[in-house]
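Student: Read off the chains here:
There are 2 protein chains.
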Amino acid sequence: MKNLPHKTIERLSQYRRALLLCHAKGMTYIYSHEIAKIQHITAVQVRRDIMLIGYTGTLRKGYNVKELIDLIGQIIDSKEGINVCIVGIGNLGRAITNYFSGKRTKLSIVAVFDVDKGKVGKKYYGIECFDIADLTKVIKEKKIEIAIMTVPGEDAPMISDILVKAGIIGMLNYTPKPVNVPKEVYLEEYDMITSLEKVAFFVKTH
Amino acid sequence: MKNLPHKTIERLSQYRRALLLCHAKGMTYIYSHEIAKIQHITAVQVRRDIMLIGYTGTLRKGYNVKELIDLIGQIIDSKEGINVCIVGIGNLGRAITNYFSGKRTKLSIVAVFDVDKGKVGKKYYGIECFDIADLTKVIKEKKIEIAIMTVPGEDAPMISDILVKAGIIGMLNYTPKPVNVPKEVYLEEYDMITSLEKVAFFVKTH
DNA sequence: AGGAAAATGTTAATTATTTCACAATGTTAA
DNA sequence: TTAACATTGTGAAATAATTAACATTTTCCT
Ligand SMILES: NC(=O)c1ccc[n+]([C@@H]2O[C@H](COP(=O)([O-])OP(=O)(O)OC[C@H]3O[C@@H](n4cnc5c(N)ncnc54)[C@H](O)[C@@H]3O)[C@@H](O)[C@H]2O)c1
Ligand SMILES: NC(=O)c1ccc[n+]([C@@H]2O[C@H](COP(=O)([O-])OP(=O)(O)OC[C@H]3O[C@@H](n4cnc5c(N)ncnc54)[C@H](O)[C@@H]3O)[C@@H](O)[C@H]2O)c1
Chain L
6 MKNLPHKTIE RLSQYRRALL LCHAKGMTYI YSHEIAKIQH ITAVQVRRDI
56 MLIGYTGTLR KGYNVKELID LIGQIIDSKE GINVCIVGIG NLGRAITNYF
106 SGKRTKLSIV AVFDVDKGKV GKKYYGIECF DIADLTKVIK EKKIEIAIMT
156 VPGEDAPMIS DILVKAGIIG MLNYTPKPVN VPKEVYLEEY DMITSLEKVA
206 FFVKTH
Chain E
6 MKNLPHKTIE RLSQYRRALL LCHAKGMTYI YSHEIAKIQH ITAVQVRRDI
56 MLIGYTGTLR KGYNVKELID LIGQIIDSKE GINVCIVGIG NLGRAITNYF
106 SGKRTKLSIV AVFDVDKGKV GKKYYGIECF DIADLTKVIK EKKIEIAIMT
156 VPGEDAPMIS DILVKAGIIG MLNYTPKPVN VPKEVYLEEY DMITSLEKVA
206 FFVKTH
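If you're matching them up, the sequences are chains L and E in order. Residues 6 to 211, numbered by this note's numbering, are exactly what the first sequence covers, in order. Residues 6 to 211, numbered by this note's numbering, are exactly what the second sequence covers, in order.
Be careful, since some hints might not be right.
Note: identical chains are not told apart, hence a pair may lie in one copy or across any two.
In silico PhoX-like cross-links for lysine-lysine, where the CA-CA straight-line distance does not exceed 20 angstroms [claimed, not checked]:
no.	residue 1	residue 2
1	Lys148	Lys66
2	Lys84	Lys188
3	Lys30	Lys145
4	Lys209	Lys148
5	Lys12	Lys124
6	Lys142	Lys108
7	Lys66	Lys124
8	Lys128	Lys209
9	Lys84	Lys71
10	Lys128	Lys30
11	Lys142	Lys66
12	Lys66	Lys127
13	Lys122	Lys71
14	Lys30	Lys127
15	Lys66	Lys170
16	Lys71	Lys30
17	Lys145	Lys42
18	Lys209	Lys122
19	Lys12	Lys127
20	Lys188	Lys122
21	Lys142	Lys124
22	Lys42	Lys127
23	Lys170	Lys30
24	Lys124	Lys111
25	Lys12	Lys142
Since the hints were made in silico from the structure, they are not lab data. All values reported here derive from a predicted model rather than from experimental measurement.
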């Protein structure tokens with residue numbers, strides 16, 4: 006069970022998001038091809054992923070929405086919950102903080118950091134903004150394990166080093182500057198320009 | 006050449022971003038292992054990608070930075086340039102607009118749209134904000150081919166349909182609501198929660 | 001001049017991921 | 001009751017992506 010494919014993990018997260026919406030709408034069962042339609046993938050892929058996590062649907066009725074949501078939670082959430090921080094509360098940092106606020110109970114943003122004295126002490130979507138100078142202290146106090154970097158690119162490597170020293174074990178880097186972390190730290194980087202250039206490329210080639 | 010792997014296209018975009026920084030710093034040559042280090046991948050992977058686009062480096066000197074930048078441009082940029090719009094100029098829309106402004110010459114954001122009358126008519130990072138009611142008209146007038154959606158999730162399907170009808174051929178959906186487009190339209194969706202949950206999962210399993 | 005070192009380019013092997021194909025089985029309707 | 005149908009679950013095949021292995025070439029050192 007530990008060696009679920011990376012792609013499967015990503016899709017499980019997406020399935021859950023879709024399932025939560027279905028659940029809110031009062032659906033109790035869902036077919037693999039319905040999930041597939043929402044995610045723009047094939048029904049076989051959905052069934053394979055669900056098979057991999059050991060869940061079994063009902064023939065001709067499909068999957069129980071609530072049960073599947075809970076099982077995905079057992080697989081991808083950590084039991085105790087994980088504390089997350091945002092570093093750099095500009096446009097992007099605020100978009101993310103707002104997007105997360107009150108969403109996942111197992112992943113909570115518990116602090117945001119900024120260098121701007123005008124922002125320090127204020128609250129953003131209910132989360133207190135701390136001085137970047139107190140990064141290490143606050144990370145330790147609040148037991149923060151994952152950091153999301155949304156500072157200007159030129160500051161990213163320096164901040165990344167501080168985060169690693171402070172004991173972060175996972176990092177999501179949204180700055181355009183790739184950073185280096187020791188191999189114990191799980192790093193994910195994402196760049197919208199890459200996505201857009203990919204769209205542009207495949208648009209060209211039909 | 007047309008059938009470059011999807012992953013290679015993504016990496017080429019990233020290589021170019023890194024190479025542009027190197028070029029700005031005055032580097033004229035770069036080794037595959039140096040590019041690899043920046044992107045956290047292997048040198049073989051870099052050489053393979055470069056081989057696929059038909060470029061050849063110099064033994065013991067590596068790749069000519071400028072030439073490689075230009076060649077990647079020839080591969081992934083469209084010759085004429087592509088016009089892009091942002092729909093929904095909230096925190097995320099502004100972050101993206103700012104990030105793109107003045108970056109790529111071949112992909113230009115030429116309009117942003119919003120429903121908020123207080124925003125319509127204003128300029129954001131030099132780009133005029135139009136009324137969402139004029140979406141179709143402006144898309145046609147400005148020959149916009151790609152749209153980036155950053156509206157609230159519940160409006161995404163409706164806006165997506167309008168965009169498709171208006172003639173968009175590529176779409177980047179950042180709302181949490183998956184949308185359906187005809188197969189002629191190239192769609193890319195991205196969700197930060199998925200990325201964060203992936204980080205959280207792999208952090209757990211070392 | 002000759003050998004060691006360091007780099008590229010590429011075929012082949014390996015690994016990861018997706019898809020095919022179909023058995024099994026519950027459901028519906030005649 | 002039975003046949004047609006729709007759906008899940010999964011082994012096997014196919015496809016996609018990465019990595020290993022190494023021949024080749026240039027540079028540098030002695
Ligand atoms: N990955 C992507 O797709 C993507 C998209 C948009 C923006 N970005 C990047 O994300 C980052 C943030 O973008 P934005 O639009 O929010 O920019 P912004 O300027 O609005 O916000 C940056 C924030 O970081 C703060 N800051 C600056 N230096 C700091 C430091 N040393 N420590 C802590 N805080 C500091 C600033 O005070 C500001 O609040 C930029 O690097 C931008 O290039 C990435
Ligand atoms: N994919 C991700 O990772 C990610 C991350 C953060 C936010 N989001 C999503 O991105 C979207 C925007 O986030 P945000 O923080 O910028 O929100 P926001 O509320 O700051 O901005 C939304 C903007 O859209 C405008 N708008 C509303 N309805 C509209 C309509 N019908 N037509 C045109 N414009 C309209 C609003 O006036 C506002 O300016 C939300 O759906 C949010 O959930 C996604």
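Student: Against each hint, give a clear statement of whether it holds in the structure.
Tutor: A quick look at each hint next to the structure:
1. Lys148 - Lys66: Classified as neither; 44 angstroms inside a copy, 47 angstroms across copies.
2. Lys84 - Lys188: neither (24 angstroms within a copy, 40 angstroms between copies)
3. Lys30 - Lys145: neither (40 angstroms within a copy, 37 angstroms between copies)
4. Lys209 - Lys148: Close across copies (15 angstroms), not inside one copy (47 angstroms); limit 20 angstroms.
5. Lys12 - Lys124: neither (38 angstroms within a copy, 39 angstroms between copies)
6. Lys142 - Lys108: Neither way: Lys142 and Lys108 sit 26 angstroms apart in one copy and 37 angstroms across, limit 20 angstroms.
7. Lys66 - Lys124: neither (52 angstroms within a copy, 48 angstroms between copies)
8. Lys128 - Lys209: Intra 45 angstroms, inter 30 angstroms, cutoff 20 angstroms: neither.
9. Lys84 - Lys71: within (18 angstroms within a copy, 50 angstroms between copies)
10. Lys128 - Lys30: Classified as neither; 33 angstroms inside a copy, 39 angstroms across copies.
11. Lys142 - Lys66: Neither: 52 angstroms inside a chain and 46 angstroms across chains, both beyond 20 angstroms.
12. Lys66 - Lys127: So Lys66 and Lys127 fail the 20 angstroms test inside a copy (50 angstroms) and across (52 angstroms) alike.
13. Lys122 - Lys71: Neither: 45 angstroms inside a copy, 41 angstroms across copies.
14. Lys30 - Lys127: Answer is neither; intra-copy 36 angstroms and inter-copy 38 angstroms both fail.
15. Lys66 - Lys170: neither (51 angstroms within a copy, 36 angstroms between copies)
16. Lys71 - Lys30: within (12 angstroms within a copy, 54 angstroms between copies)
17. Lys145 - Lys42: Cα proximity of Lys145 and Lys42: none, with 43 angstroms in one copy and 30 angstroms across.
18. Lys209 - Lys122: Result: close neither inside a copy nor across copies, 46 angstroms intra and 35 angstroms inter.
19. Lys12 - Lys127: Result: close neither inside a copy nor across copies, 38 angstroms intra and 41 angstroms inter.
20. Lys188 - Lys122: Classified as neither; 34 angstroms inside a copy, 49 angstroms across copies.
21. Lys142 - Lys124: within (18 angstroms within a copy, 40 angstroms between copies)
22. Lys42 - Lys127: neither (42 angstroms within a copy, 38 angstroms between copies)
23. Lys170 - Lys30: neither (45 angstroms within a copy, 28 angstroms between copies)
24. Lys124 - Lys111: neither (27 angstroms within a copy, 36 angstroms between copies)
25. Lys12 - Lys142: neither (35 angstroms within a copy, 39 angstroms between copies)
The structure does not agree with the numbered hints 1, 2, 3, 5, 6, 7, 8, 10, 11, 12, 13, 14, 15, 17, 18, 19, 20, 22, 23, 24, 25 stated previously, though it agrees with the rest.
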